[in-house]
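Chemist: Here is how the chains run, residue by residue.
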Amino acid sequence: MKERKLPVNYLGLAVLSAPLVWAIVFMFVPYMIILTYSFWIKKYPTFEPAFQFGNYVQIFADPQYYQVLLRTMRIALLVTFFSLLIAYPFAYYLVFKVRSARVRLFLYMAVILPLWVSYLLRAYTWKTILGSQGVLNSFLVWSGLLSAPTDVLLYNQFSMVLTLTYIFIPFMVMPIYTSLEKIPRNLVEAASDLGVPPLGVLTKVIWPLSLPGVLAGATITFCLTFGDFIAPILVGGPDGSMISNVITSQYGTALNWPLGSALAILMLVIVLAIIELSDRLQKAERIATG
Amino acid sequence: MKSIIEIDGVSRTFGGKVVAVDNVQLHVAEGEFVTLLGPSGCGKTTLLRMLAGFEMPDSGSVRLDGKDVTFLPPYRRDVNMVFQDYALFPHLTAAKNVGFGLERQKLDRAEIGKRVESALQLVGLSAMADRMPHQLSGGQRQRVALARAIVRRPRVLLLDEPLSALDANLREAMQVELKHLHNKLGITFIMVTHDQTEALVMSDRIVVMHRGRIAQAGTPSDLYDRPASTYVASFVGTSNIVEGTIVSVADGIAFERQGLRLRCLPLPGFSPGQRALAAIRPERLRIVNAGAKEANVIACTVEERLFHGNSVRLRCRLASGEVFLCDRQLNASRDLGALPDAGQPVHFAADPDSIALFREDSR
Chain E
1477 MKERKLPVNY LGLAVLSAPL VWAIVFMFVP YMIILTYSFW IKKYPTFEPA
1527 FQFGNYVQIF ADPQYYQVLL RTMRIALLVT FFSLLIAYPF AYYLVFKVRS
1577 ARVRLFLYMA VILPLWVSYL LRAYTWKTIL GSQGVLNSFL VWSGLLSAPT
1627 DVLLYNQFSM VLTLTYIFIP FMVMPIYTSL EKIPRNLVEA ASDLGVPPLG
1677 VLTKVIWPLS LPGVLAGATI TFCLTFGDFI APILVGGPDG SMISNVITSQ
1727 YGTALNWPLG SALAILMLVI VLAIIELSDR LQKAERIATG
Chain H
2 MKSIIEIDGV SRTFGGKVVA VDNVQLHVAE GEFVTLLGPS GCGKTTLLRM
52 LAGFEMPDSG SVRLDGKDVT FLPPYRRDVN MVFQDYALFP HLTAAKNVGF
102 GLERQKLDRA EIGKRVESAL QLVGLSAMAD RMPHQLSGGQ RQRVALARAI
152 VRRPRVLLLD EPLSALDANL REAMQVELKH LHNKLGITFI MVTHDQTEAL
202 VMSDRIVVMH RGRIAQAGTP SDLYDRPAST YVASFVGTSN IVEGTIVSVA
252 DGIAFERQGL RLRCLPLPGF SPGQRALAAI RPERLRIVNA GAKEANVIAC
302 TVEERLFHGN SVRLRCRLAS GEVFLCDRQL NASRDLGALP DAGQPVHFAA
352 DPDSIALFRE DSR
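Quick mapping for you: the protein sequence lines, in order, are chains E and H.
Under the working numbering, think of the first position of the first sequence as 1477, with each following residue one higher.
Under the working numbering, think of the first position of the second sequence as 2, with each following residue one higher.
If you're looking for bench data, these hints aren't it; they were derived computationally from the structure.
Quick caveat, the model's predicted, so the values are computed rather than measured.
A couple of the hints might just be wrong.
Unchecked claim - Straight line, CA to CA, 20 Å or less: simulated DMTMM-like cross-link-like pairs of lysine to aspartate or glutamate:
(1) Lys18(H) - Asp59(H)
(2) Lys1680(E) - Asp109(H)
(3) Lys1573(E) - Glu1657(E)
(4) Lys68(H) - Asp79(H)
(5) Lys97(H) - Glu112(H)
(6) Lys97(H) - Asp1627(E)
(7) Lys97(H) - Asp86(H)
(8) Lys294(H) - Asp342(H)
(9) Lys3(H) - Glu31(H)
(10) Lys180(H) - Asp9(H)
(11) Lys3(H) - Asp66(H)
(12) Lys1603(E) - Asp1627(E)
(13) Lys180(H) - Glu162(H)
(14) Lys1573(E) - Glu56(H)
(15) Lys3(H) - Glu33(H)
(16) Lys294(H) - Asp354(H)
(17) Lys97(H) - Glu1657(E)
(18) Lys1680(E) - Glu178(H)
(19) Lys1658(E) - Asp86(H)
(20) Lys1680(E) - Asp9(H)
(21) Lys68(H) - Asp9(H)
Pulled out of the complex, with its shape left as it was, chain E reads as follows (with noise of 0.2 Å):
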């Protein structure tokens, strides 16, 4: 027995310690040296050790910074505010009211598929829409509705949204497709029989139960959001730009390595605040639906 079982638990060891390994050098250690520099003095021209909590005072003291931690938040939760808008009704038309399996595949793949083109080139694209000689305003010019090009459009909280929305829209249709999917059709007419009219069955079946995947594509959607920086660069503007631009800058042209440490790890700390919350809702409706 003994020699059967040691071998197995080699295995089991040799299967997990690539993973481990990668784990640990590159993201533990990564991460250990980000939280240390986070308490470090900055000291011009370089910055020296310490333990000392100024640069997180720093982030709450200084509006410059957590003005910008709000606006991410505010933009993060609009953009999954509005992927939920689009994404649901889209997912429920393609799960309940599509009856050809063939048209819902393509549909379903028309929204994944983006994902497998470069992510700049997305981000990209809006610009060349949205810009002043973009193609909506060449539109709106062409059409009479504008008399000159318009700037508005672009480089602004406005542009960072639905670039933000477009982008990661499919995170959020997958899983409230999956969850949509695995609801049981004869729960659908069950609720019918009971002389509950559609609006009735989607409210009070169909909605509670894809809460599931409604709070994934949420939280895939918001923590995606909340650490991009290519979409500022790219549509932002000047009022545009979000946390992890800051964050980027201080290891750049500000030179401060323990701030921007700072505020990487504040942002950690919120994105894995979300991310348990998220989890024990799920486990919550799990508890309650079995």
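Go by the hints and put chain H onto chain E.
Modeler: Leaving out everything else, chain H in the frame of chain E:
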């Protein structure tokens, strides 16, 4: 008696090819317990779903209490259904499941609570009101589904294979309980099943379906004793079916199959030389001695003796090659030894009135 359900000339074809229901005509009296019986794919479920409103017929009409409901959506029909796998809402308690359909009706909270309580009481689940579906056993879920379907006091209760997911003992108990519930409520029950025993035990009337059509409709004893076709004879209960020729119609009908001659009761519609099928129930055969002076003596060889507990089934073969089954009830003395063993010859006697004759085209 007044018809509560009138199904007239209803047909339904799926995907332009598969004919699920083919010109069905069925009227059901108020308070009747009707069972749609047949193998899978015979159209019984489609017919039930058209009554519920989940399917619309391609042609024909469905009337409920005199009102045309052919194209009425499910939520506007005064019928409720017990689903095959219960279809309980997993996010609601047993009581909330039962009350789900009441919240739409203009009832105050106290009235809803009272009705839910009494429905749960009726199915013996008052103590489980606050349990979630996943905390209930299969039998309890079935009862919740039942309570949910009757709480709105529908004119007709539809049951789609309601007992198929239960184990044998529970199923038998629920058969009786459903029958009692039917008597107590006095509403019309339409049940779909492929289980002939269930249909025989529970129904006032059985509708046997075959390839989208009604093969025969009648009381359980009608169907069992006077099947209209060999299909019904072999689907409701078991029948030994022999194919042969009519040799004479004078003084009762004489039927022959390779040396086996059977005398049957007179029956119109047969003439000498015609091909025909004879069906005999396994329990109607008596074991006799080789030279017995009986109307019909059938000689076979026993191939297998199957012990069923309270009875024994002899699986025999005729000289002409057909399999012949004979069921013997075991009496108090359990005379298993008196029955012939595998490999031994045996002679059966069949009374003329125990043989059902069918024209060859009745299959």
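Chemist: For each hint, tell me whether it holds in the structure or not.
Modeler: So, going through the hints one by one against the coordinates:
1. Taking the CA atoms of Lys18(H) and Asp59(H), the gap is near 13 Å; set against the 20 Å cutoff, the hint holds.
2. For the hint linking Lys1680(E) to Asp109(H), the alpha-carbon distance of about 19 Å falls within 20 Å, and the restraint holds.
3. Distance restraint check for Lys1573(E) and Glu1657(E): the Cα-Cα separation of roughly 12 Å lies within the 20 Å cut-off, and the hinted pair is therefore satisfied.
4. Of the pairs offered as hints, the one joining Lys68(H) and Asp79(H) holds, with about 11 Å between alpha carbons and a cut-off of 20 Å not exceeded.
5. A hinted pair counts as satisfied when its Cα atoms are at most 20 Å apart, and Lys97(H) with Glu112(H) qualifies at roughly 14 Å.
6. Taking the CA atoms of Lys97(H) and Asp1627(E), the gap is about 55 Å. The hint is violated against a cut of 20 Å.
7. Under the criterion of a C-alpha separation no larger than 20 Å, the hint pairing Lys97(H) with Asp86(H) is consistent with the structure, at around 18 Å.
8. Our distance criterion of 20 Å between C-alpha atoms is broken by Lys294(H) and Asp342(H), whose separation comes to about 24 Å.
9. Pair hint Lys3(H) plus Glu31(H) holds up; C-alpha atoms about 6 Å apart against a cutoff of 20 Å.
10. Of the pairs offered as hints, the one joining Lys180(H) and Asp9(H) is violated, with about 27 Å between alpha carbons and a cut-off of 20 Å exceeded.
11. A distance of roughly 9 Å separates the Cα atoms of Lys3(H) and Asp66(H); the hinted pair therefore holds under the 20 Å criterion.
12. Distance check on the hinted pair: Lys1603(E) and Asp1627(E) sit about 11 Å apart at the alpha-carbon level, within 20 Å; holds.
13. For the hint pairing Lys180(H) with Glu162(H), the CA-to-CA distance comes to about 15 Å; that is within 20 Å, so the pair holds.
14. Proximity of Lys1573(E) to Glu56(H) is assessed by CA-CA distance (about 16 Å); at most 20 Å being required, the pair is judged to hold.
15. Distance restraint check for Lys3(H) and Glu33(H): the Cα-Cα separation of roughly 11 Å lies within the 20 Å cut-off, and the hinted pair is therefore satisfied.
16. Between Lys294(H) and Asp354(H), the direct Cα distance comes to roughly 17 Å. Compliance with the 20 Å bound is thereby established for this hinted pair.
17. For a cut-off of 20 Å, the pair hint linking Lys97(H) to Glu1657(E) is broken: about 24 Å separates their Cα positions.
18. Taking the CA atoms of Lys1680(E) and Glu178(H), the gap is about 32 Å. The hint is violated against a cut of 20 Å.
19. Between Lys1658(E) and Asp86(H) the CA atoms are separated by roughly 15 Å; this keeps the pair inside 20 Å, and the hint holds.
20. As the CA atoms of Lys1680(E) and Asp9(H) are separated by approximately 36 Å, the hinted pair breaks the 20 Å bound.
21. Distance restraint check for Lys68(H) and Asp9(H): the Cα-Cα separation of roughly 13 Å lies within the 20 Å cut-off, and the hinted pair is therefore satisfied.
In terms of the numbered hints stated before, the structure departs from hints 6, 8, 10, 17, 18 and 20, listed from lowest to highest.
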